[in-house]
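K.L.:
Each chain, written out:
Number of protein chains: 2
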Amino acid sequence: MAYPILRRSLFVLIFIAAASSSARADEGMWPFNNPPLKQLKEKYQFEPTPQWLEHLQKSSVRFNSGGSGSFVSANGLVITNHHVGLDTLQKLSSEKNNYVHDGFYAKTQAEEPRATDLELNVLMSIEDVTARVAAALKPGLTAEQSAAARQKAIADIEKESKEKTGLRSDVITLYQGGAYHLYRFKRYDDVRIVFAPEQQAAFYGGDPDNFEYPRFDLDICIFRAYENGQPAKIEHFLKWNTQGPSDGELTFVSGHPGKTDRQLTVDELAYMRDDEAPFLLNMLKRREVFFTAFAGRTFENARRVRRDLFGIQNSRKFFDGYLAALLDPEIDRSLKAREQKLRDAMTKDSKWKGTLAAYDRIKKAQEETAKILPVYNYYETSRGRAQASYRAPRGFYSNLFKYARRVLRAGDERPKPNGERFPEFRDSYRESLELDLFSTEPVYEDVEQVMLNDSLTDLASRFGYNDPLVQKILAGKSPAGRAAEVVKGTKLKDPAVRKQLYEGGAAAVTAAHDPMIELARIIDAPARDARKIFETQDETKQQAYGDIAKARFAIEGTSTYPDATFTLRLSYGTVRGYEQDGKQIPSFTNFAGLYERSTEHKNEPPFDLPQRWIDKKSVVNPETKFNFVTDADIIGGNSGSPVVNKANEFVGIIFDGNIQSLVLDCIFSDKQSRAVSVDSAAITEALRKVYDANALADELGK
Amino acid sequence: MAYPILRRSLFVLIFIAAASSSARADEGMWPFNNPPLKQLKEKYQFEPTPQWLEHLQKSSVRFNSGGSGSFVSANGLVITNHHVGLDTLQKLSSEKNNYVHDGFYAKTQAEEPRATDLELNVLMSIEDVTARVAAALKPGLTAEQSAAARQKAIADIEKESKEKTGLRSDVITLYQGGAYHLYRFKRYDDVRIVFAPEQQAAFYGGDPDNFEYPRFDLDICIFRAYENGQPAKIEHFLKWNTQGPSDGELTFVSGHPGKTDRQLTVDELAYMRDDEAPFLLNMLKRREVFFTAFAGRTFENARRVRRDLFGIQNSRKFFDGYLAALLDPEIDRSLKAREQKLRDAMTKDSKWKGTLAAYDRIKKAQEETAKILPVYNYYETSRGRAQASYRAPRGFYSNLFKYARRVLRAGDERPKPNGERFPEFRDSYRESLELDLFSTEPVYEDVEQVMLNDSLTDLASRFGYNDPLVQKILAGKSPAGRAAEVVKGTKLKDPAVRKQLYEGGAAAVTAAHDPMIELARIIDAPARDARKIFETQDETKQQAYGDIAKARFAIEGTSTYPDATFTLRLSYGTVRGYEQDGKQIPSFTNFAGLYERSTEHKNEPPFDLPQRWIDKKSVVNPETKFNFVTDADIIGGNSGSPVVNKANEFVGIIFDGNIQSLVLDCIFSDKQSRAVSVDSAAITEALRKVYDANALADELGK
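Each protein sequence line maps, in turn, to chains A and B.
Numbered according to my numbering, the first sequence spans residues 1 to 702.
Numbered according to my numbering, the second sequence spans residues 1 to 702.
Hints should not be assumed to be uniformly reliable.
Identical chains share a label here; the pair holds if one copy fits it or two copies do between them.
[What the hints assert, rightly or not] Listed next, the in silico DMTMM-like pairs over lysine to aspartate or glutamate satisfying Cα-Cα at most 25 Å (straight line): (1) 371 x 467; (2) 317 x 445; (3) 371 x 275; (4) 96 x 608; (5) 477 x 212; (6) 477 x 339; (7) 602 x 615; (8) 107 x 441; (9) 371 x 276; (10) 602 x 102; (11) 477 x 579.
Because the hints were derived from the structure by calculation, they are not lab data.
All values reported here derive from a predicted model rather than from experimental measurement.
Please work from the sequences and hints to get the whole structure.
P.N.:
See below:
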């Protein structure tokens, strides 16, 4: 009997060590209404004022295509990463004008092309509506009734806020259901491109260097927000610091981390490790091979799928790294110790002892969910880190299919009362939905056809060729034949047709007899059924996590921050290198290092320099600091976040984390995990010396 | 009730159409003891003599690395494909001498480097031993006893033949168990490289052009067989025709098709379609992404894994194409009709009616096998088209692991009576096993480590991190940590150590405490258990297929040929183009087309020309015929097969099938399916004009 006690003691020891190190470390992605004031004061003797915080908050911009950015001029200039802007660059490019490959610079405002469907959000206010949501959940409701009641309460709050303020209003679920906060955003949907370097400069080193350090990437893209056809007048924008930060300096990151798993139970993380991550990796690797092979055939093929391929490779490398972390026994022990500590505290306190059952409820719900996941993933939406709008069902990987489903479901959902609709069809989200659905982004028939063929093949492999629903979907054709038929036959390639059917409602949609819409109709009922089960079980989980969160608040105090939710968070960290394989990796790289790396690799892809950088080699200052690392707590979605100093000046822009940082998804560590940024000094030097963009450089911070 | 009868009639009609078309077509991979004399006479009025057949048979060479070839000189020259020789080229290359990338030409015999572990086989005789194998199967045996009895009978026959003739003696299972033939081979294990072009000339167009046509590939590699340290004196070799074949000419292919599924039941093909092909594709795509990412980091990384990556991409494209064929409803109907025809004939004949039950026995055995397949694939050997020696268990993808298992099992198996050992440890196979095990091929620690890490990660994802066996395998480490430990710790990198342990037997193996061997030991029992179940069920299937084969012989006559078994077969076909998407694809390409394709693709990889081809552009005759297609019935394993004319002269060499030919795995078609060859005229022109290898060109056919 001594053994378990010994083990328990060991856990406690490990935990204490972890906790005390954590207290000193720069941990946390903090909501702006709960900033880490205590930690900053204790460790850095720095006390940001409310004005300091408000200025940073309102200078920060969310890219709804999946990333972060910031205002850097009074006339609406917004800086983000190239790989965040890539979605827009790709959609605006053609075989003739390849902005992705060649880069772009609008010397005058008249030359700034408008994005096809880009929406920017600026967080204006946060309101705690937990009590109001909780009040809607009368005792004795089933999970299904409770989910419906919660959805209705949220929809009512959002609609009321939208009507009152005119602002986009989203109720955000924090602490896995422990709290509900109403976020109000100012929307910008007229966004234009000002500047982008060549992708090869932005993403120098390609997939091999992605998530690695040292790096040499000018991963930036500059947009301008417009209102009423004029450059937006911006009150809160960041001052531009041309020097960048110093080694050892305290810096802040204000951005939109997408999703972390730090509050997940050990059981849910085991599920992530053994099921979800392998499932996603399987899908990503399949798609990577598919797109790589397609891209290899012609230059134009490669151009058409460049953004897709980049996104897939990026996710694949992320999940490979995250899975490796989850399979590390040291991390496994830390995760278990973290949960055990809270469980032990609950066990000792009669007030919270009953909450332990919440862990079992989560596990049970997880098991129930697992049963419908194949159908949910292949027919409704595949899970993943990407924004929902990027996620197609695994079996129907096609933009035209996404349009078809949107149009079909809009016809069925929009006549319902606002609170009973799927969230994506609620009134408060209408403008965003329409921006997306009526996008003028190009539709490539060949790409659509081969993508759909590949995913129908995947679907048939998953459920079996003779599965009745698969047979109905294929309609007597091969996957290739069926994909050709619906892609060639659909009229949805034309945004005007999408608009007409969307506005015409269910009757118009039915009358259209569009083959892609009819395909979406075939799977609509099973997809909806799976979603309902998924959401009901999710409701059970949210309630259980809410119970655990209450206990955690009571036991650990408000010193915790919620898991990331693609909403604005404040992180902080010191510029500092790290040790790897016995070698000290320095904090900064410089321009000279870029040229050295190219020489080492005989300037062959993906280590080839754009011609402009070769031509300007003698002009640029080789000592210019290029990229740097800090120990700030960031994750995917933080891409494009400004890095500011204590004076709230722009000193850099986050664009990556090193491979050791991928563990941050589930647990914080600052031993080797680093956030990687482009130095503001590099941006200034490159704009002036490489891109001859002095006018733009002059405007930054003004 | 009319409906089923109508359907039956439809099936019969379809079948008759198919059968009559088939009778006219150039179908079949015929064993040399059952050549298609009747078909050749009827369609082509050609009657090969026994001498003609013997000459072609004995001029044909099997590459045990997985391919075909032929003798083309009295002094032991053997020609095969570059992608067949690639295994040897890779093993002999280093960072300094990169034969794969740069090509190789030995101007004198003294400069010909010896392959590390290449074995060539020449078929000397075939003997029908079906009756002797059958006699060993006493009535009333269980499947397990029957499998053991069959294995013992086969081992006895092989051993006796080997002792009597000195020739490698393999009993080959034909017609899925319908017949057993003893094949005797002359072995050559001193094989040296004479000539190889740059891989970029051999595999011009890379993965995008693989399995496509038109093509422009000099996919050849020339070896020389040695005996007693001297060039082997060869009685049967092919005369060299410098002109190649003409459009419409009858040609023959003599080679070693690896595996076809044409006699499989519809249920087994459905299993292939819904389970096995997706399983293999999942593994291949995972590995392709893994190796591509690894290769992307440095030139030397890319060099080290080039052969692996080629093999993986080649298999991936094959299985993608084969799966597409299996998902085609037209092919599905043909396959069903083929089986239904035989079943109908059985139903009508009281003698064979009872045999119908064999179909159910196969299905049942398939279902039983499916239960242990995960363990079998991950721990014993993953299935696939590749030769067994290339197949590592999916969870332990490492050459060092393969050595470790060989050494471990040799210690346990070799003391057993010959007939009770695993086939790979039988006396008749000893020389081949030792050639492989004592190979001096380089072992790259970094490659071994990352491959094993990736496959241990895959294993943990498949069975779950907390699976007791997985935990035992990982031994408290992460997959990366465990892989590093066993790869760094093992002494098996040294062939002398492998030899010493192999010869020392089980006691020496145990005393070595080698970490890789101990890893192999941890999984040995479960792997053996899975293999036993697999083989017992396979025995049940063989018996059932044997019963069906008997009925088929009786009903259809001996006009059928057995499924491919990587043994020598004769195919034949006409040089002819085909129609695709309304366009006529011509039979031949020429040198001019190669230069045009390079220009179209701005000479960028994989459409870049080797420097030598750029330099010699003005010297070569642009009209030289390069590649051509015939409608011969071939499949993987036929790579490197000589194409001969009626005069038994070498006119070309098979190197690929077009994408439409991938269906040939399960059913013959000559509508668009084509075998792709290098023209002998191209080889002659390239050797003389591009490679300045006149001495070699002079020796061909002499």
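K.L.:
Each hint should be assessed against the structure and marked as holding or not.
P.N.:
Hints, one by one, checked against the model:
Taking identical chains as interchangeable, the C-alpha atoms of residue 371 and residue 467 lie at most 25 Å apart whether they share a chain (17 Å) or sit on different chains (20 Å). In the homo-oligomer, the alpha carbons of residue 317 and residue 445 lie at most 25 Å apart only across protomers (23 Å), although the nearest pairing inside one protomer, at 29 Å, exceeds that limit. Both within a single protomer and between protomers do residue 371 and residue 275 lie at most 25 Å apart by alpha-carbon distance, with minima of 12 Å and 20 Å respectively. Taking the shortest Cα distances, residue 96 and residue 608 sit within 25 Å of each other both inside one copy (22 Å) and across copies (23 Å).
Taking identical chains as interchangeable, the C-alpha atoms of residue 477 and residue 212 lie at most 25 Å apart only when they sit on different chains, with a minimum of 23 Å there against 45 Å within one chain. With identical chains, the CA atoms of residue 477 and residue 339 are at most 25 Å apart between copies only, with a shortest distance of 22 Å across copies and 52 Å within one. Both within a single protomer and between protomers do residue 602 and residue 615 lie at most 25 Å apart by alpha-carbon distance, with minima of 16 Å and 22 Å respectively. For a Cα distance limit of 25 Å, the shortest separation of residue 107 from residue 441 inside one copy, 24 Å, qualifies, whereas the shortest one across copies, 59 Å, does not.
With identical chains, the CA atoms of residue 371 and residue 276 are at most 25 Å apart both within one copy (13 Å) and between copies (23 Å). In this assembly of identical chains, the alpha carbons of residue 602 and residue 102 lie at most 25 Å apart whether taken from the same copy (21 Å) or from different copies (17 Å). Proximity of residue 477 and residue 579 under a CA criterion of 25 Å is satisfied inter-copy only: 21 Å between copies versus 57 Å inside one chain copy.
Violated hints: none; the structure is consistent with every hint.
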